[in-house]
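Asks: In case you want the letters, here they are:
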Amino acid sequence: MEEKLENPYSLKIVWAILLVLAPMPLVLSTPLATEILIYAIFAMGFNLALGHTGILSFGHAAYFGLGCYVTGMALRYLELGVFPALLLGTLAAGLAALALAALAVKRQGVYFAMISLAFSQMLYFLALSPLKGLTGGEDGLKFIPKLAIEFPAPLDLSKPLSAYFFTLFFFALAIFAMRQVLNSPMGRLLPAIRENEARVKSLGFPSHALKIMSMAISGLFCGLAGGLLTVYLGYVPLSTLHWFTSGSIMMMTILGGMQSFSGPIVGVLVFLCLQDVTGNFTERWELFSGTLFMALILLFPQGVAGTIRQRVRRRMAPAIPEQQT
Amino acid sequence: MHILLGLALGAIYILLAAGLTIVYGLLDVVNFAHGVFYMLGAYAVFLVISLTGSFWIGLASAAIITGLIGALAEVFLLRPLYEKHQLYPLLLTFGFSVAVPDLMKVIFGLIGKTVDYPEALSGFILLGTIPFPKYRLFIIVLTAVVMTSLWLFLKKSDLGMVMRAATLNSRMVEALGIDVARIWTVGFSIGVGLAALGGAVAAPMVSASPDMGVEITVESFVVVVLGGLGSLAGAVTGGLIIGQVVSFVSLFAGQYSKVAIFIVMFIVLLVRPRGLFGEAGRH
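These protein sequences, in sequence, are chains A and B. The number in my numbering is simply the position in the first sequence, starting from 1, with 174 added. The number in my numbering is simply the position in the second sequence, starting from 1, with 193 added.
It is worth saying that the hints were derived from the structure and are not from the lab. A few of these clues could be false.
[Unchecked claim] Reference listing, derived: stretches of chain B covered by chain A, where coverage requires no fewer than 3 residues with Cβ under 8 Å from a Cβ of chain A: (1) 267-274; (2) 413-425; (3) 450-464.
A quick note: this is a predicted structure, and the numbers were derived from the prediction, not measured. Ideal placement from N, C-alpha and C gives every residue a C-beta, glycine not left out.
Let the hints inform the model, and build the full structure from the sequences given.
Replies: Following this line, the structure appears as structure tokens:
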């Protein structure tokens, strides 16, 4: 009677993504490749909430930025090593997401989006002026000591290539962890909540607790991404907390295709590469990206990855569906 | 004195929030580009004043020009997306709010354009014994007039009645043979026209700059959510509250004025999830 459910996300996908992304520095510039990995972690984390659980959050900049600032402050003021600082940043972001979700879990749709937006803007303005002494206000958090690790191998993280491999290590960790989360019994319930929360609840599952967990894990990923950004940049820009960051990550995720494993990563890859290319010949990147984004929404309602998959599937399918019985 | 200053500030919030709430109520679209239209209104008033020299023509045409831009945006950009997930219109307005300020930088440059106070309204007026800036008093009066006419329009005119009906049940209205798509376009242009009026009115105080709409978008969300999405009375109350909060917090702890806005919203939403005037049953 007992039937083992097939895991929806196989290890093959994970390895495929890693194999495709790992040699990026051969094709792209190393800093761009590093940034792609960082934002890919961010987008994956964000998509756990939006795409997989169906939680509309417009405040994920809060967790990303918190990861950035906490890691940065741990490095600068507490003079911790890189690993403990990252851990601290990740945990802080996860806790913040947990707290916000616990407070607001009963609010649906747009109201949840608004509460999360308000939370992130609150942090933004806190960092901007009242906490200026700690955060550096508008200039961002600077003067983070030079970063290097001793373990497992001595690595000077101010060198682009070593920063890349450092980030790649965490990216691999994150992507395996994300697969684990989505394949776990809890992770299997999340799409059910997205599709029909009332039914999940009536089947006896604690849907609120699941949503809170989903947000908290999502926060952990975003915090890790933020911490890695701090390590890579060597400082924290205030814009990491701004609501445009929330919007951009949403943009990239949906551009790539939510509700899929690779979608957000594809979105980040496409978006950041385009940003890099256009940056070469125009300063008006925002004008370009905003317009491009509007065009993509109008043309690819399923996201880039989703639409491509659909096309392929259509091509593979027989031209005339067999309807005879 | 600070109550009045807060009132003037609240008045601008009210204009924005009323526009936002009409758009949300009618189209179910969370308009992240609302601040962009506020910014466009400020530029429109700057342009028209430099062409005609009259502040009053500028003020009126700013709302009308921007309202027309809004109608175009609704027809060409938003309309194809209504059938799809609720997220898409929201994302489209986000894309719009990224692109358009940048476009304004290309056209008008990075530096803001100052708009002079109209002569009749510069200087101070004595309220009892306290001197009060005439212009701020004018904002309060103007908002009161605009909001009253908006209310009368929605309650008494035929079009207003159809708009209210479409807010409640657009399918039913369509079944009665009314072109709802047109009503939506009108609603959207009225909504962003109000934002533009807010921007035009604010222009002499803050000067028109491409990024002026970025923060105010979120702040007008706060006002609307505080009052209750889709409720006009809520928008007015929310605007009044936020105006006072900003005014008084800046008096005592200037740095915290923006933080306070979000704290107030946080508290209200946790206690009363639908906002002060939100109707039960709507999401």
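Asks: Next step is simple, just say for each hint if it's right about the structure.
Replies: Hints, one by one, checked against the model:
no.: 1; hint: 267-274; result: holds (count 3)
no.: 2; hint: 413-425; result: holds (count 4)
no.: 3; hint: 450-464; result: holds (count 8)
Hint violations for this structure: none, all hints satisfied.
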